[in-house]
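Chain order of the listed sequences is A and B. Everything in the first sequence is counted per our numbering, starting at 1 for the first residue and increasing by one. Everything in the second sequence is counted per our numbering, starting at 1 for the first residue and increasing by one.
One or more hints might be untrue.
[What the hints assert, rightly or not] Mimicking DSS-like on lysine-lysine, the simulated pairs with C-alpha atoms at most 25 Å apart in a straight line are:
1. B/83 x B/107
2. A/34 x B/37
3. A/128 x B/37
4. A/34 x A/128
5. B/83 x B/37
6. A/68 x A/34
7. A/34 x B/107
8. B/37 x B/107
[Stated by the list, open to error] Among the chain A residues that face chain B by a calculated CB cut under 7 Å, a handful are:
9. 33
10. 59
11. 62
12. 84
13. 89
Keep in mind the hints are simulated off the structure, nothing from the lab. Using N, Cα and C, we set each Cβ at its ideal position, and we do this for glycine too.
Here's the letter readout for the chains.
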Amino acid sequence: MRLATRLAAAVLGSGIAFAQAGHDDVVRVDPALKRLAGMITAVGEPDAEGRIYTFRGTPIGPPASTPKAYPPGELRGWRLTFLAGQRFSAAFEVQSNTDSEITVSAAEGPLNGIAVRDVFVVEEIELKR
Amino acid sequence: MRRLGLVLAFVAGSAAAQGTRLPAEAVDAFHAALRNKDTAAALSLLDRGLVVYEFGGVDPTAEAYALTHLPFDMDLAVASQWKLETRRVGGEGNERWVLSTYRVTGKQADGTPIDQVTLETVILRRSGGLFRIVHFHWSTSDAGFQARSQGQRTQGAAPR
Numbered sequence: 001m002r003l004a005t006r007l008a009a010a011v012l013g014s015g016i017a018f019a020q021a022g023h024d025d026v027v028r029v030d031p032a033l034k035r036l037a038g039m040i041t042a043v044g045e046p047d048a049e050g051r052i053y054t055f056r057g058t059p060i061g062p063p064a065s066t067p068k069a070y071p072p073g074e075l076r077g078w079r080l081t082f083l084a085g086q087r088f089s090a091a092f093e094v095q096s097n098t099d100s101e102i103t104v105s106a107a108e109g110p111l112n113g114i115a116v117r118d119v120f121v122v123e124e125i126e127l128k129r
Numbered sequence: 001m002r003r004l005g006l007v008l009a010f011v012a013g014s015a016a017a018q019g020t021r022l023p024a025e026a027v028d029a030f031h032a033a034l035r036n037k038d039t040a041a042a043l044s045l046l047d048r049g050l051v052v053y054e055f056g057g058v059d060p061t062a063e064a065y066a067l068t069h070l071p072f073d074m075d076l077a078v079a080s081q082w083k084l085e086t087r088r089v090g091g092e093g094n095e096r097w098v099l100s101t102y103r104v105t106g107k108q109a110d111g112t113p114i115d116q117v118t119l120e121t122v123i124l125r126r127s128g129g130l131f132r133i134v135h136f137h138w139s140t141s142d143a144g145f146q147a148r149s150q151g152q153r154t155q156g157a158a159p160r
């Protein structure tokens, strides 16, 4: 398992993170949408007003199905939701991405409050406003 | 089922959900959020002290559940129909419980039918006037399914 994934499991207090536990492997259904989980590795620089819209991150998850980097440009329009940290449950729209950096749209406000090791998921679905 | 679906769609489905006034509404809103693929709305109904017991497995934190099992629960919610069969609500003050049974039907990816009764215990805590979920316990009346779930976990566990 990748270091980032192990670190995320430790941060989240889960010794069974990403193991197929319980019904997951007994009932097999198609994914409802494409998704990639990730962990923040660096918070972006704030703009002149102190607002942050960018961070660097790395994918986390089962090694067999998790890319080592994000597909550049392909996450545009995807929904990003924080699964841990101060911004738990806050959702944003991805405006652009490189292999390791994600920038969100300003429409939902800045990302201020995020921190290194916060965990998030990007999902291929439009953000409801 | 159709009436239940309409109710669930009414009480939840937007990312704005952040707890509910009534305990059972929080439970229904959570299921509706999963079915609507609304991760933020589902998470907003969870207390940060959440612990989940699911078919013999444990998610010790809200964050662990959000990362490891909520995605599958969403996939399952989208691929199946959950018909509420029984419900009891109890507790008092800021601590309440909601006991529900659901008939879950649908099809797996390979076409194999899903047809089982899921048993759900939910404990909720009220804070700031809104109820959020602090504990889920899901199991099933299907002894074979339960055994397979726990058997897989046992096979993957390190020896003591």
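- Which numbered hints are broken by the structure, listed smallest first? Numbers 10, 11, in rising order.
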